[in-house]
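Participant: Hey, can you piece these two chains together into the complex? The hints should help.
Chains as they are written, first to last, in our numbering: chain A, 1030 to 1304; chain B, 565 to 940.
Note that these hints are calculated values from the structure, not bench results. Certain hints may be false.
[Stated by the list, open to error] Derived Cβ-Cβ restraints for the label pairs, each shown as a range:
1. B:Pro652 x A:Thr1079: 50 to 56 Å
2. A:Trp1205 x B:Val625: 24 to 30 Å
3. B:Pro635 x A:Val1112: 24 to 30 Å
Cβ atoms here follow ideal geometry from the backbone N, Cα and C, with glycine treated the same way.
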Amino acid sequence: MSNLRQTLYHALLWLISLLFFSPVAWLMLSSFKGRNDILAVPAKLVFTPTLDNYVQLFERNGFLQQLLNSFIMSVAAVIVAVVVSFLAAFCFSRFKPKGTDFLMFLLLSVRMLPGTAVILPVYLMYVAFGWKDSHAALTLFYAMFSIPFSVWILKGFIDGVSLRFDETGLVNGASWWHVIFRVVLPQVRPGLIAAFIFNMIFVWNEFLFDYIIGGRKTANVPVALATGAYADGGVDWAFVSTLSTVYLLPPIIAIYVFQRYLLVGMTFGTVRGEV
Amino acid sequence: MTSVAFSGLTKSYRGTPALDDLTLTVRADSLTVLCGPPQSGKSVLLRLLVGLEKTDSGQIVVDGQDVTKLPPGGRRIGYVPQSFALYPHLTVYENIAYPMRLQGARNADIAAKVERAVQLLSIGHLLKKRPDQLSGGEKQRVAIARGLLKDAQIFVLDDPLVGLDYKLRERLMDDLRTMRRELGATFLYATSDALEALTMAEDIVVMDRGRVVEHAPVDRLYHEPQHLRSMELVGFPGSNLLPGRIDAGICVTPIGRFAVTPEATAPDATAPANGAEVIVGLRPEAVELQPAGTGQLSGQASVSLVEDLGGEQVVYLETGGLTLVTCLSVGRGETPAYGQTVAYRFDPAAAVIFDPASSRRVGCGCFEGQEKIRHA
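This is chain B alone, in the form it adopts within the complex (with noise of 0.2 Å):
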């Protein structure tokens, strides 16, 4: 079992900081996907780890063994860069090859080693053809299995996906997932994709400006992001963020009023205190076109667009200035129209609430007897 410890990770291009102090472990034999927004520091971290840049300060612990200090041939990690970086010189069977040739395995090895990757990845036709004869999902898978075919317990993945069209795309996120347990290996995975994010992992590291701001399972850091960047960036659609006041333990949105529970799940934060500007978030899946039932908040709004996913539709709507978002399985009631006005519903214990200055969730909505929609 190898697991990964980063501590204290600093590391700066030119006096712009890259990683500001970062610390995280990574959970061996798992697939943890680091997302954030493009410059967050997710490439930067996996060169690192790589050994591709060297650190300004701090620690990188592989399996218990400080490889800071080390070379990059050194520290035995499978790497698939964004670039397929596929020598051009080379067919596809040598360069699929070409790190097992370099730590000097038997042809024979390869060449098990090789059919076994070819296969998962269904490129045994292309083994003869050099890379300029390739498409770009084909030079992508090629890289994939160059990348896996390394003797490593330890595989970093950055953004290899980027470009591809969605199908190959979903039948490569499955591959890669199958390719994981098959090695029994610790997998980690850059995207700035949210909804990559959500397919592959089974932990997310979400990384802003350099800090990692969470790192939970995936369905934990979905349902109870700790952190307004994590429910900014992982979701599709993404979420409605909502300005919010706090008034006496009730908290003041353009969309209606609810009742503040502070929360049990992060001991650290404290309640808001009254008075408080805060930023409330919501999913677009709690956000319903219905009419109110017993414990939801409800009003009007006007919808604004609607785009057609096919089995679900993202909807748009306008209210009191603001622009809510929600998802619709097609099938269930009628198909909003452009410019129509419809009644929405939502759970305010749906709604997550986050402190503005330090992005940090202070607690989470709850109904708070027959409130009256209120309307700017």
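Bound-form chain A, shown alone (with noise of 0.2 Å):
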């Protein structure tokens, strides 16, 4: 009996998760239709596959500048962040300057705040300063949008490392450098990985920013996915469902990949799992 309920309930969860799954499945299969194919009525399932959208994509002017954008003020930006939320966490985990829980709450709400409750200051910001259209200024926005979230993160991490192998570092003639880079950061190297792969994925996902304060040089993939989505009159299909499927492949990989930091991410570090 309880094999039986087992069953449905497992058939019901799979029903789910493919119902969830279908848009994306459909988005997918698109692109590897000829453009009859994607409108057709009912969906096609069984069509003629063809390379011809990938090929359009990538010979397409600046698609490929787009992606490169993309990659690299993401991993810029998250790798300026976690070296200086690591340093900050531990400064905050060690020496507990006075008010750290206020200015922990408060780097918590800089993260909470919508962007588009900031954006226009900040394009003014940008404007007056001549950022605008600049890869490093964009790269500097996402990192400060990245820090508080990695200190939450590394903070939990490092708080959970005895300070006893501080003391055995300085005892025995370390300096405050050894002890962080040497002693501490080998023991939180998850911690790490959560808030580089978290953090990842929110500025790879960062269309708003991007689209205001960045340019021609600097847009990203969804900026690109936004402002080429409207061709000849209509909604160019072929585009879209292409575009998305090589922009949704990198997170996807990193997650499956990452998955058991993943959590720690989205508990800023309380949760810690099995990494």
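Facilitator: Following this line, the structure appears as structure tokens:
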């Protein structure tokens, strides 16, 4: 009896999963269809696959640059953020400056702020500084946005590293530099990976700020999608589906490889899971 | 020869004093055990010496050099912390070699010294393992090896054997003493275990509430304790502490009366005043389950508990509402049974008299003619 229940239960779960996955599947399948097949009603499940859409996408003017922008800005911003956050988290955890709790709260509230609420002042500031459409400036902005999260995750991890480790190093003549990078860092590697992956996905997905304070030079994939979706008086579904598939792949791979670290990120480091 | 001197050391945490104007000089080339109850300031003192805490006031002098303001790395002191603190990302070998690596030693020197330490502690088979693959005792031995590998003349061991099983502790105590002699170094060793203190120590420092109450070679401290806390803390089983009153040079206790000799060993101690309340300390081994001989006081008591330790027995006696502890070697006479009434005797010369206000020793007992035993 319980076996049957379990089978039914699993079948239900599969059904729900497939239901949620079906738009993604439609999108991915569409990227291999010819233009006429994409809009066929009912949707064609059997068709002659073609790579034309991909060839067109990669030959499209500026697309490679946009893809590269997405990669470079997410990786650079997150590296900056993780380095800064690691040092900040170490200080919060070890030296406990006055008001640590309040500062941590403040950091988190910065992260919780909706982007649309600050886009106008940020835009004015970037224009005034002459930073609009600059890779470095946009990277810095993303780094700033990634820091609070990373500090939260990493502080939780560094708190878990006993002070006795630091002391053992110090007593034996180690510098703080040594303690931070040779004693503590190797022990919080899962936290670093969690912070890295989580913020990486955030920056990868970012549209609003790139669209407003970026420009032609710094456009990323989401901006390319938004600006290129309409062509010839309608939605260019071939373009949308192909670009989306390319755009989805890196996060899907990253999530698959690092899924155990994601729980850490989603709970701000308070739940360690298996890492 | 490296000696350590603390003078006027004060340290408090959020207004709670941990060390209170502590002054202590540790003999060079000795194994000095800091013994005291938890929270008595042993660990704080050691952490101040190592440099992991800052003093509020006072001075720490190592080998003639004031190290009070030096960073921990500049003090050249080996340290075995209470928690193992073995680096999980390094192998056992790298953990042990760590202090030497930081000192910039050559690989060949490191290998040679690690080899020797590892042999002494018999952990050679563990070198390639990671700390999370070791048992508690193995971790502790690795931590000891790492702490002692440093090129230093002073080694600080903060209760390193706490939580280990008895056999292992006994072995490590032996190993530590051997290693100290080989190194010719000064060891400062903290423990709250009386037996460990007695086994390990050459000198014992008894600490209580952030102060040193007594500092003496181990046998003198055991046999001639100058402070009530020394009598209480050092020794196993714990000493008998009985209430007493001085009456015209005679100490009246629930288990008998005896004369008081003022102390020659404590020059600044004053003889107890007439009518003064005192505390009488009596080591368990001073109480014997034998009928009275000459020069001894005796009485009757009922056995309330017998703890069999194999080679010896700890017997608790009830007499006049008091509990007396005594320690018997098994094989000498009959084993007392629970509820049995037995005769006991003790030599009043073994009784030490303390002033309850200052806890200082004010005298010891001596036999006074043919006193009758007074029972409550």
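Participant: If you test the structure against every hint from before, which numbers come out violated?
Facilitator: none
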